[in-house]
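Participant: Listed here are the chains, written in short residue letters.
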Amino acid sequence: MFAGIVVVTLLALGAGAGVLWLRRYLADGTEKLVAAIDNLLPQIQCAQCGHPGCRAYAEALARGATTIDRCPPGGERTQLALAELLGDAPGGAPLPSPARTHLARIDEAACIGCALCLPACPVDAIVGASGFLHTVIAAECTACELCLELCPVDCIALVPRPEHPVSTA
Amino acid sequence: METAVLIIVSTVLANNFVLHRFLGLCPFLGASARLDAARGMALATLLVLTLASIAGHLIFRFLLVPFGLEYLATLTFILIIAALVQAVELIVRAISPLVQRILGLYLPLITTNCAVLGVALLNVRQQRSLLEAAWFGFGAGLGFAFVLITFAALRERTDRAPVPAAFQGAPLALLTAGLMAIAFTGFGGMAGD
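Here the protein sequences line up with chains P and U, keeping their order.
Residues in the first sequence are numbered consecutively from 1, following the numbering used here.
Residues in the second sequence are numbered consecutively from 1, following the numbering used here.
None of these hints come from the bench; they were simulated from the model.
Even glycine gets a Cβ: it sits at the ideal position worked out from N, Cα and C.
Quick look at which bits of chain U chain P covers, simulated, 3 or more residues with Cβ under 8 Å: (1) 51-64; (2) 79-90; (3) 101-115.
All chains should be modelled from the sequences, with the hints used to inform the complete structure.
Facilitator: Set out below in structure tokens:
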């Protein structure tokens, strides 16, 4: 009886110590997977996926904490590449962001040419210089909203793309 | 060598753990919906079964028998299987984090695969030597991998077949498993228990 308690206790402690040792000394290969996922992302750090940047999104994907359909700038191509790498089914739902249907527009009458919005744009879709009028390149804008807050005169707004009229409902 | 071949033929075909002894049915049904996941599961279980068989034998012979603690076999085997599965998960994570991500929860769930505990206990009951125990565990893993992958391949096909509504999904999977078990009785008598 006493011997049984001692043996089982020692065995449990030994097994636990062994697993702990393995956990400490075996390299965590997750880093490789994160790098592979990060490689497929567009690297414009727009944060539309809800993570601070592409790298953070890759880490969340590696943990299985999020889904592969969160990257509007990457679009269908990125989603299919991620699906192939991770073996996840591509999401049936459309991308959750307004990237396809909206874009940022600068109210040219109000713009004071302060250039504060220029460095904020992850895809360099705003052209202009200090003291000059700015404008948005429609083909490049991903509607990430990063420039909206920075404008001191609130002259940037997200508007529907002309080719995608949004219903008023 | 002859005993090794006999043990492997016996455990893979004649006395298959899943289809003859009906052990390890939960991962057999749970992890067989997709072929690639089934393949990873089969490999991980093969590794755990072989290691658990060897570790169980060593612990029984050198730790339990000298102290007269044979009655604690089940308890200690559960303990070492749990630790082994943790170790295997860490190894898989180090080698291929992708496989770990695809298998997800099924990897730690090998702990509750009754085939693993069954192999360790049968080794003790049938008084196998260390080498025989190792071959028995390996053969059981091979047999499990064989039927799991075959079953997953069958299920991938029946999932796309036009099946009457009443048989879709789980009913057809269970029927398929039953038919496979009947087919495996054809191997009976090829090798002793």
